[in-house]
Amino acid sequence: MRMGLAEQFAADLNRMIEASPTEFGYAGSTLTGRRSKLSSEFTLGDYGVQSGYKFSLRVPRSALPRMPREGELVTIGAEEFRILNPVEIDALGVSVLLHLGGESD
Numbered sequence: 001m002r003m004g005l006a007e008q009f010a011a012d013l014n015r016m017i018e019a020s021p022t023e024f025g026y027a028g029s030t031l032t033g034r035r036s037k038l039s040s041e042f043t044l045g046d047y048g049v050q051s052g053y054k055f056s057l058r059v060p061r062s063a064l065p066r067m068p069r070e071g072e073l074v075t076i077g078a079e080e081f082r083i084l085n086p087v088e089i090d091a092l093g094v095s096v097l098l099h100l101g102g103e104s105d
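Counting in the working numbering, the sequence shown runs from 1 upward without gaps.
Errors might be hidden in some of the hints.
Stated by the list, open to error - Derived pair list, reagent style EDC-like, types lysine to aspartate or glutamate, alpha-carbon separation capped at 16 Å: (1) Lys-37 / Glu-23; (2) Lys-54 / Glu-70; (3) Lys-54 / Glu-18; (4) Lys-54 / Glu-79.
Source of the hints: derived by calculation from the structure; they are not laboratory data.
Construct the complete structure from the given sequences, taking the supplied hints into account.
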């Protein structure tokens with residue numbers, strides 16, 4: 001049986017996450033996603049200036065307990081980071097890209 005495009009993308013995403021996993025906490029759940037490389041940035045948002053590293057996490061949409069929103073917290077290790085806009089869903093609806101910025105206050 002041949003996989004559809006969404007199923008193939010989901011399988012590829014799962015392989016990428018397995019090759020380089022990042023465990024994180026969101027909304028009381030422990031999840032695994034693929035983390036981008038870090039880059040130092042300063043951003044101005046609703047919560048003031050957010051300094052420090054900015055990076056993203058890609059996670060299967062089906063793994064999330066709910067759709068994330070700007071300002072919510074993600075925990076990686078002992079650090080908390082705020083979700084920045086935009087929260088992106090890929091065109092196939094398979095994955096969510098979370099942009100994370102500066103440590104929470």
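### Query
Which numbered conditions among the earlier hints are violated in the structure presented, ordered from lowest to highest?
When the structure is compared with the hints, only number 3 turns out to be violated.
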